[in-house]
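Novice: These protein sequence lines map, in sequence, to chains A and B. When we follow our numbering, the leftmost residue of the first sequence carries the number 2, and every step to the right adds one. When we follow our numbering, the leftmost residue of the second sequence carries the number 56, and every step to the right adds one.
Fair warning: there could be bad hints in the mix.
What the hints assert, rightly or not - When the alpha-carbon atoms are kept at most 20 Å apart in a straight line, the in silico SDA-like pairs for lysine to any residue are as follows:
#, chain 1, residue 1, chain 2, residue 2
1, A, Lys149, B, Phe126
2, A, Lys146, A, Gly129
3, A, Lys149, B, Ala130
4, A, Lys146, B, Glu123
5, A, Lys146, B, Arg75
6, A, Lys149, B, Gln93
No lab work stands behind these hints: they were computed from the structure.
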Amino acid sequence: MTPTEDGTRTIQVDTLARVEGEGALYLRIEQGQLADLAFRIFEPPRFFEAFLRGRHMGEAPDITARICGICPVAYQMSAVHAIEQACGVALGPELRALRRLLYCGEWIESHGLHVYMLHAPDFLGYAGAVEMARDHRGLVELGLKLKKAGNDIVTLLGGREIHPINVRLGGFYRIPETARFAELCEQLKWAREAAETTVRTVADFDFPDFEQDYEFVALSHPDEYPMNEGRIVSSRGLDIDVTQWPDWFEEEHVERSNALHCRRRDGGHYMVGPLARYALNHARLGERARAAAAAAGLEPVCRNPFRSIIVRAVEMVEACDEAIRILEDFTPPEQPFVEVPARAGTGHAATEAPRGLLYHRYVIDDEGLIQEAQIVPPTSQNQGQIEDDLRAFVAPRLALDDDTLQWQCEQSIRNYDPCISCATHFLRLDVERT
Amino acid sequence: MHEAGLMRGLMARIQAEAQRAGATEVRRVRVWLGALSQMTPGHFAEHFHQVAPGTLAEHAALDCDCSEDPFHPDAAEVRLVSIDVR
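The shape of chain B in the complex, shown without the other chains (with noise of 0.2 Å):
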């Protein structure tokens, strides 16, 4: 299942960040969805909230942005854009 290695990759990537700038808390996820990366925002919420337990983002809400240009350099992927933290 490439999407849990996938969401467990981002999810230590949040902690990450959000460890680096001191945050107790992250508050909102925003991702770039690729035309071709195989997700819609409804799957990639399920698997978020399913690793998101017992994390800093176990909270956080999620604003996925949806690329609908298949040639898009980056078409297959899913980009974390950016967290709100506190």
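Here chain A stands alone, though its shape is the one from the complex (with noise of 0.2 Å):
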């Protein structure tokens, strides 16, 4: 260390950056038994709704994108329809068939890091998909490029593919130049069969034997796999519009978690996400997509949550196929956009993120100011039902030593793909045996 002449001096340091856990996991064990469990999200709160209120409401659908990096399209989509719904405005098909499109783009790139960059290195004993890589190669070249398909959608659409800048209330400031479609057309052609492949690749893991009596929520449609409409419906018989979300779901502030969490009003922990879709949404696959899961051996309803991981894929599979109809299709809009002129009133929509229903509420006054927001995320709903996962998983296994707890618990819950399951080491387990 040398100092240079104004007395600067090199220090070289060479150290890797981590992130230190943003959730933990605090098991308390007396004489063999699972005394207690806590599973604990440090994540800092993001204040989005706060920061919302006041802003014109055309500024939602911006704002809202910046809340994830994986699923900001979620987040515009669920925004716009609920503000739409406030003024009263419904979009044509063209405009509905391009969000439809974007969904998909979104899905297939978040499908696509969630199974190929942190949950099949669990299930194939690596660390990471860097770890993974070096005896895998192909599978990550598989999987990054499959992620490239969604995102270019995104692109095409968006404008970029993070934070996506094209969509605002009533549609989108530009539509896409059609010259693109043809190549991107065949694109997703290559990204269903690798899908269609990944199916079959996934379905040859070990999962563990775990199965739970969920109570499964998820948008329905009457005609299409549902992304961005629907009503509420759920495994054990709810069957609401989703502006009655308030009237039958709650959110709960937890102190060991900035997380709320979320309960069914008069009953318990639910399930958002791609096996609760696709239990209530089997019939409405594309028929790839059902074969792919058929021949995958995944029954109409599955309640393994480790094999959410197959579900995810034959998602996948459903949003290329969906997307390549929606080019073929395509029938340009009139205009970009149609006009959202204010009204005073509050408006509600639900849509399906890639983790599964995603709530928003907005009140807007005259001037088109939001008054109120109310953003209910997927991680949020799935928070109870995880712990409960946890419960029940942990109780046999306590005689494992502590890094293999850990790990298994990890897995657990990555199973639900919570937003802070993208940092690799996420998770300090602290366990306290007596």
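Combine the two chains into a complex, taking the hints into account.
Specialist: Following this line, the structure appears as structure tokens:
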């Protein structure tokens, strides 16, 4: 460390900067029995609902897109649908199809990321995708290429792949050039086959023998596998309009976590996400996705959360298939957007983010200023169920050493693709054994 | 926000190294951004400048070396390479 003339010295540090864990799992084991379990999320509160207050409703799609870099489209879609509902505006079929195409892109990139980069390493015994790439380079390359196909849809329609900028109330700022559709269509035909290969690959993984009697909650649409529209239904008979979400569900603050937990007002925890969507909408899947699921041995209802990786792969087939159909049938809308005149009122929307139902509610005044915003992401809705799963999963495995227990618990949490799972080593495990 | 946690940890390390060397100022910070680290230099700089005020690195210049190799063993990581102190 020799100083330069002005006294500056260079210190070689060469160290990895790590996220030291934004989630922690606390287990207290008394005489071999599970006495207490708490899953904590430390991620700081984001205050997006407060940011939105006082802003013009037209800003909502751009502000909410910043909530997540992996699923910005979901936040944009729930926001625009809720505000359009408050203002009494509905879109024509052409713009509706483009929004669905954009959502397909997000499902492909998000599921591709989770299946290959986050979840597959758990099953194949690697700490992460980079370690997995040493022995399974082809798998990682396939995953990256699939993810890119999804990103390319989002870029085409959204203007860029992360935090898209082309979404606005009433539609889009501009309609993409159809000249690029044919090339994208070819890319998606490759992606569809790659997704079918993915279904076969992940179906061969070893899955723990673990099933739970979940209450599945998802959108359901009479004509299509749900993304942007539908009623909220559950496997225990709930069937409500999205405007009734607050009547049936509630958020509660749990002291140990910065994320709000959700529950049914008249019951317990529930599950949103691919397993729920699949179980409640199996009949709406296209032929190729249904065939891929059947060939993988997936029943129309799957209650093993570890097998959610297969369902995500099936949904990638569906999203590719649907995107191809939309591109091939595309009729350009007359205008890129319809006007959304401000009208005082309350609007609700729920759409299907890759991780599950995403509910938004906005109170708008007659100048279009947002007076109140409520955003309920799927990770909040699943958090209670994640803890329930962990209790049931951990109880018969308490004799495992702490490292093995941590590995299996991380895997159990990652079944839900929670936003915090982006960090490979995200979980701190505290075990108190007495 | 993983970036916030990552940056807090990184800044704590920079402070500790600078203090160990008896420095009063960090003049330059060099980092290596893995191809899969989900960080661009602009994104990294935004977060860095947000946590830097009040630290020895408050006025430090930032050098980001971006890797394009997704198969590098540390491709998903951000590496603090060196700091210039005075």
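Novice: Are any of the numbered hints broken by this structure? If so, which, sorted upward?
Specialist: 5
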